[in-house]
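Trainee: Now for the letters of each chain:
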Amino acid sequence: MQSRRDMITTSVTVAGLLATAGLLPATAQAAWPKDAFAGKTMAEVAKAMGGSAPVVSADVTVSGPDIAENGAVVPVGASTTLTGVKSLLLMVEKNPSVLAAVFDVTDSVEPSFNTRVKMGQSSNVYAVALMNDGKMLYAVKEIKVTLGGCGG
Amino acid sequence: MADPMRIRAQAAGDKTTVRVLMSHEMETGLRKDSAGKVIPAWFIQEISASHNGKAVMTAEWGPSIAKNPFMQFVVKGAKAGDKISITWTDNKGEKRTDEATVT
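First to last, the protein sequences are chains A and B.
Here this note's numbering is used: the first residue of the first sequence is 1, the next is one more, and so on.
Here this note's numbering is used: the first residue of the second sequence is 153, the next is one more, and so on.
This is chain B alone, in the form it adopts within the complex (with noise of 0.2 Å):
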């Protein structure tokens, strides 16, 4: 599944801001190709983030999210040092975890 997901994760104070660019065609399933074929749909539909293992944030995706995804979101409590992993899940079922340290 195309490149690993791009995370930055900087820690000012007591929040840490995530920024993620992931690498995902995000296909609405409503363009046709050259030929007139629609071009199935093909996107991420679950995202899910963990600070040093523990779960802290999901979302939903529709297809209206641009292509390669970028999402950013403030953490509460990580430092530098620790981990942020993230997954990202789409329709067809295929997914892809990548994980960055806080700076």
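Bound conformation, chain A alone (with noise of 0.2 Å):
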């Protein structure tokens, strides 16, 4: 039977080991997420998060033009008034790609991000807020496209 102090030495090991394996958040943050980035729809993209259902919530803003002349570049942006926040994600729903951009907040920055993104065709923009607790809040847009940013 382990004695106190062997078992919080152990602890503590682990937790080192932990850390250095990346497995707590503030490391595994900044990984590129993959499955995210994978996601056809917004909900897998929710999910890959490690979010849940996305909710609208009018503290959440996305803005861009109402219509794109061109679809190879459209500017973009996402921002929240809301504190609490872990990060903010831009969406084109129709885009093969459908995760643009995920914009991790820290006490340092304002959570508001501009940015530019391809869209293929018209389609919705969504900015989506991904809270500390693991709640997702986001704001959507419309945005036509007249001349496609894929060639088409």
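Any given hint might turn out to be false.
Stated by the list, open to error - Taking lysine-lysine pairs in the DSSO-like style, the calculated list, with each CA pair at most 30 Å apart, reads:
1. Lys219/B / Lys94/A
2. Lys144/A / Lys40/A
3. Lys40/A / Lys184/B
To be verified - Some chain A residues near chain B, calculated using beta-carbon distances under 8 Å:
4. Pro33
5. Phe37
6. Ala72
7. Val73
8. Ser97
9. Leu99
10. Thr106
11. Ser108
12. Glu110
13. Asn114
14. Thr115
15. Val117
16. Lys118
17. Leu137
If you're looking for bench data, these hints aren't it; they were derived computationally from the structure.
In this text, a Cβ means the ideal position worked out from N, Cα and C, and glycines have one as well.
Two chains, two separate frames, one set of hints: put the complex together.
Mentor: What follows is the structure, encoded as structure tokens:
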């Protein structure tokens, strides 16, 4: 039977091993989430990111043009007024690659990001806030594309 | 690896808006060349940004991000003269880091 001292030593060693294996949250977050980027629907992406089924929220905003002249370069943004946000995701529903980006939020940055995506055709664009507690809150906007961004 | 990133970091009070323009093909891996051969996927997967050496932001991208990617974000607590450094890593393992000073 282990003494209490031995048990604590073992626990600390195991925690150390877990940390170096990258299994503790801080390091795991920076790795490229392959399954999420392979997701073909918003639900698949949400599940792969470890979030619950996304729910609409007025506190999350997706920005972008109503009509994009050039589907190769569409400026879009994701932001939220909420606190306790782990990351902000951008998804383009009808793209072969639905998940476009994951922006990880820290205390040093505002939960507000802008980038440019390719859109193959007119589609809904989603900004999703993945909260620290696993909840997913989203906003959606339809962006019409006059010239598809993947060669027509 | 192509051209350096163009980074602009402008402070307004406690908030510094950082705009970055990167040079990268962001190939989806779904296009074919004129011979009918698939052009392999080649895109930036990971981004990290630091302020005076301290990590402030990371992002993970997929091939839906447009060619020559643009990104804008806001750093808190930076002031003129501080350094903002951005690093990207693509799916081939290539990396690039560029730095700018906050104005």
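Trainee: Under 8 Å, Cβ to Cβ, is where Lys118/A needs to be relative to chain B, so tell me if that hint holds or is violated.
Mentor: 5 Å, holds
Trainee: Against the 30 Å threshold, does the CA-CA distance of Lys40/A and Lys184/B hold or violate the hint?
Mentor: 21 Å, holds
Trainee: Within 30 Å, alpha carbon to alpha carbon, are Lys144/A and Lys40/A?
Mentor: Holds, at about 20 Å.
Trainee: For a C-alpha distance cap of 30 Å, please report whether Lys219/B and Lys94/A respect it.
Mentor: Roughly 18 Å between the alpha carbons, so the hint for Lys219/B and Lys94/A holds.
Trainee: Next item in the hint list is Glu110/A. Is there a CB on chain B closer than 8 Å to its CB?
Mentor: Since chain B brings a Cβ to about 4 Å from Glu110/A, closer than 8 Å, the hint holds.
Trainee: Any CB of chain B closer than 8 Å to the CB of Asn114/A?
Mentor: 4 Å, holds
Trainee: Does Leu99/A pass the interface hint, meaning its C-beta sits closer than 8 Å to a C-beta of chain B?
Mentor: This hint holds: Leu99/A lies near chain B, its Cβ roughly 5 Å from the closest one there, short of 8 Å.
Trainee: Have a go at the Val73/A hint: is there a Cβ in chain B nearer than 8 Å to its own Cβ?
Mentor: Holds. Min distance 5 Å.
Trainee: Mind checking the CB of Phe37/A against every CB in chain B and telling me if the closest is under 8 Å?
Mentor: 4 Å, holds
Trainee: Can the hint on Ser97/A be confirmed by a CB-to-CB distance to chain B that is less than 8 Å?
Mentor: Nearest chain B Cβ about 5 Å off; hint holds.
Trainee: Could you check if Pro33/A really has its C-beta closer than 8 Å to a C-beta on chain B?
Mentor: 6 Å, holds
Trainee: Any CB of chain B closer than 8 Å to the CB of Thr106/A?
Mentor: Since chain B brings a Cβ to about 6 Å from Thr106/A, closer than 8 Å, the hint holds.
Violated hint: 17 only; the structure is consistent with all others.
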